[in-house]
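K.L.:
Residue numbers (my numbering), protein chains in the order written: chain A, 1 to 335; chain B, 1 to 245.
Any given hint might turn out to be false.
Short, incomplete list of chain B residues facing chain A, as computed with Cβ under 8 Å [said to hold, decoys possible]:
| # | residue |
| --- | --- |
| 1 | Glu31 |
| 2 | Asn32 |
| 3 | Pro101 |
| 4 | Arg104 |
| 5 | Arg105 |
| 6 | Tyr123 |
| 7 | Glu124 |
| 8 | Leu128 |
| 9 | Ser139 |
| 10 | Pro161 |
| 11 | Ser224 |
If you are wondering where the hints come from, they were derived from the structure by calculation, not from laboratory data.
Please read these numbers as outputs of a predicted model, since none were measured by experiment.
C-beta: ideal position from N, C-alpha, C; glycine also.
Residue strings, one per chain:
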Amino acid sequence: MNENSVPRRESEPPQQRRAEMRVRPTGPIVPSANVSGHALMCVIAIMSFLACLTLGGVSMVRATAQSWQSQISREITIQIKPDDNLDMEKALADAQDLALTFSGTTGGKIIDRAATARLLEPWLGEGLDLDELPVPRLVVITIDENNPPDFAAMRAALTEIIPQAFLDDHRTWVDRLVAMANTTAMIGSGVLALVFSAMVLTVVFATRGALSGNRHIVEVLHFVGAEAGFVASEFQKHFLRISLKGAGAGGLLAALSFAAASFWQSQTLATPETDQATALFGRFAIGYTGYLGIFAIIIVIALLTTLTARLTVMRTIYEIDLIRSDPGRTDTYQS
Amino acid sequence: MECAAPYARTIASRVSKVVKRDWAVPLIHFENVGLRYGMGPEILRDLTFDIPRRSFQFLTGPSGAGKTTLLRLLFLSLQPTRGLIRMFDRNISSIPRDEFPMLRRRVGIVFQDFRLLDHLTTYENVALPLRVRGKEEASYRADVLELLKWVGLGERINVLPPVLSGGEKQRAAIARALIDRPEILLADEPTGNVDPPMARRLLNLFLELNRLGTAVVIATHDLSLMDQVEARRMILSQGRLDIYE
């Protein structure tokens, strides 16, 4: 019956004629590699890379804004204007001592003459003699952010003993920075939401596109008596592998990018380029929470792809059954 | 044809189970069945017939008469617009969706276009119905190899369908339909792609299967094929069915 059978030589014993055919290891029901599968893997890798970068970027911006806000709100400044009847050095020491008597203060530092001159250097140049100009002097008091002192009482006490003193609690700056930080975080969250939405839609439609090329497999499995759950699980396994590879590659690349940027920043501390980058973007380190976020994105993408594959297969089977129950829906019947 | 004894024994073991069933009840019963696509004319009209157990019949008629549509009804891939169909003594209109896979497992079908999966070897394609039933490969490997030898594909087990000839594909599709020992085999133009000697060999294969207890329905318009066997003929013409016993 075999079309390819070769005429047998009678003298040759059958067992020596041909070795027993060996069955190759059973392959997966859903083909492991095809063009649409590779394209889907690339799409998933790109989208997970972008989502991870956005997540890391937003968390960096948020951390930087919080750091600015925290640094400024940790300090208050006492400014003392010079006056002919005022012993400036004594007034500075008195102001510091008075401030430190209030609970909620943690330390104080008088900005000495040299430091004050350095502060004014960009505007007044080098070699400034402070005695020649009525330059105010500063006392910086550090405070406990969580338990700040009573600023009104401190202000009143200071004005009482040193009328030339002015307490700046940085509220204006802090309020502006809080508003800016909140705005930045909101914009970042908005971008993150958009990127995530784009990622979800792209992954869902790319998965459905890749599955449409496998519809004939769903049909054959259905017609040889496979239950819907079995068919769905075969495709789920296949698409879980694809999505884990793609999302893993994208997430790993994003994590490596952050690690490389952080390493570069740590290796080039105190250089103009790094200072500029740090001032603009803050530290590139995303911390363990950032890496956990990247891992979470990989898992979310894998689950999303798997779920989409399952729902699409179930819907395909449902459509096949729908054609069965309503023949008018089919336009490909043969008579 | 190679020796069919081992496979015949396994078939026979199933047949013995069939014998215990009620032979008076046909495998499939159609009563006043009609089918139309959408709002179009009726493709099939008032079909009333039985497919008895262990029977052998040809389903024939001119092109466009509705042979494939009738096979699809028999295979549960279409539901009639009207009338009653009973399969395995159950009214199919009252069977829940999730029970259809179990019924389909009792029916073997050979599609006109084979519907082999190109990324699976001949062996894997034939083993597919057993695999989807969750069976371990070790439990069916010998059966599949035996059946492949029986249909003359013993040397082509690791070949992918695109490399197979039309006749080989046809036999692989037949083997896939038979592997789980169905109670009825439906074949749509099984000799449409092969030369007359191969058609004769395939017919012998179906006859042997029928002798082992499986009911066979062959849809064909090949008169010379039908002339080779004294068998029941179901002739579809203009949507109506005439049966010649």
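K.L.:
Give a verdict on every hint.
P.N.:
How the hints compare with the structure:
no. : hint   : in the structure
1   : Glu31  : violated (18 Å)
2   : Asn32  : violated (17 Å)
3   : Pro101 : holds (5 Å)
4   : Arg104 : holds (4 Å)
5   : Arg105 : holds (4 Å)
6   : Tyr123 : holds (5 Å)
7   : Glu124 : holds (6 Å)
8   : Leu128 : holds (6 Å)
9   : Ser139 : violated (13 Å)
10  : Pro161 : violated (12 Å)
11  : Ser224 : violated (20 Å)
The structure is inconsistent with the numbered hints 1, 2, 9, 10 and 11, although it conforms to all the rest.
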